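Student: Here are the chains, one letter per residue:
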Amino acid sequence: KAGVTQTPRYLIKTRGQQVTLSCSPISGHRSVSWYQQTPGQGLQFLFEYFSETQRNKGNFPGRFSGRQFSNSRSEMNVSTLELGDSALYLCASSLTESEAGELFFGEGSRLTVL
Amino acid sequence: GESVGLHLPTLSVQEGDNSIINCAYSNSASDYFIWYKQESGKGPQFIIDIRSNMDKRQGQRVTVLLNKTVKHLSLQIAATQPGDSAVYFCAENYSGSARQLTFGSGTQLTVLP
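Listed in order, the protein sequences are those of chains A and B. Residue numbering for the first sequence is 150 to 263, as defined by the working numbering. Residue numbering for the second sequence is 200 to 312, as defined by the working numbering.
There's no promise every hint is true.
[What the hints assert, rightly or not] Capping the alpha-carbon separation at 30 Å, the derived lysine-lysine pairs in DSSO-like fashion look like this:
#: 1; chain 1: B; residue 1: 267; chain 2: A; residue 2: 162
#: 2; chain 1: B; residue 1: 241; chain 2: A; residue 2: 206
#: 3; chain 1: A; residue 1: 206; chain 2: B; residue 2: 270
#: 4; chain 1: B; residue 1: 270; chain 2: B; residue 2: 255
#: 5; chain 1: B; residue 1: 241; chain 2: A; residue 2: 162
[What the hints assert, rightly or not] If you want the footprint, here are the derived chain A segments under chain B, 3+ residues with CB under 8 Å:
#: 6; segment: 193 to 206
#: 7; segment: 251 to 258
Everything labelled a hint here was simulated from the structure, so no lab data went into it. A quick note: this is a predicted structure, and the numbers were derived from the prediction, not measured. Ideal Cβ placement from N, Cα and C applies to all residues, glycine included.
The following block holds chain A by itself, in its conformation from the complex (with noise of 0.2 Å):
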């Protein structure tokens, strides 16, 4: 059974450029969320999906955004980019909508902002 597939692994941007990241859940799992991972903040929650809606969203600002498709697949958006959006970005999917339950991490989508 695959895992949770981010793409692209790794970008390299410029500020002021936009960026998507996709990400493929696991199969059958409808629920998909982002992370954002740095070494000053951590690993921090940007969105949650489940069933093409979001249902939670962190503190990040509107520059940020995802979606999800019927396919569960996900992607998330970082407009207007600036030097503090490098970072890792996380995937997860689950089977429930449920707030237990284990979270499969995909491999993440490193991006950097120059």
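Dock chain B against chain A, hints included.
Tutor: The following block gives chain B in isolation, referenced to the frame of chain A:
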């Protein structure tokens, strides 16, 4: 300006010894807790979880202890192996927050030969 990174607590143990990693959580309303292991270049990997109606749960070579009175969580790893070297995170969640996990800052575990 210079960016300041999180100063991860570190723990070094001899191979074969037991390891204890501690975590203080912040939200007294949290009712679900998870330990994750993150190896370099990889995403966090689920180790074990525990609900707030329990104070101990055991898995294979791992035990999680929960003390709600002092909001403290610990992970015990028995017979620590080189493959256990990684950063370990605790995470908390509470009913009604969907899957919004709040992660601790992590502990770097190094297993010495």
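Student: For every hint, state whether the structure bears it out.
Tutor: Taking the hints in turn, this is what the structure says about them:
Between the alpha carbons of residue 267/B and residue 162/A the distance comes to roughly 44 Å, so the proposed pair goes past 30 Å and is violated. Between residue 241/B and residue 206/A the CA atoms are separated by roughly 24 Å; this keeps the pair inside 30 Å, and the hint holds. For the suggested pair residue 206/A and residue 270/B, the alpha carbons sit about 25 Å apart, so the restraint of at most 30 Å is met. Taking the CA atoms of residue 270/B and residue 255/B, the gap is near 14 Å; set against the 30 Å cutoff, the hint holds.
For the hint pairing residue 241/B with residue 162/A, the CA-to-CA distance comes to about 22 Å; that is within 30 Å, so the pair holds. Check on the segment 193 to 206 of chain A: 6 of its residues sit with their Cβ under 8 Å from a Cβ of chain B, so the three-residue criterion for coverage holds. Note: the segment 251 to 258 of chain A has 7 residues with beta-carbon separation from chain B under 8 Å; the three-residue rule is met and the coverage holds.
Checked against the numbered hints given earlier, the structure breaks only hint 1 and satisfies all the rest.
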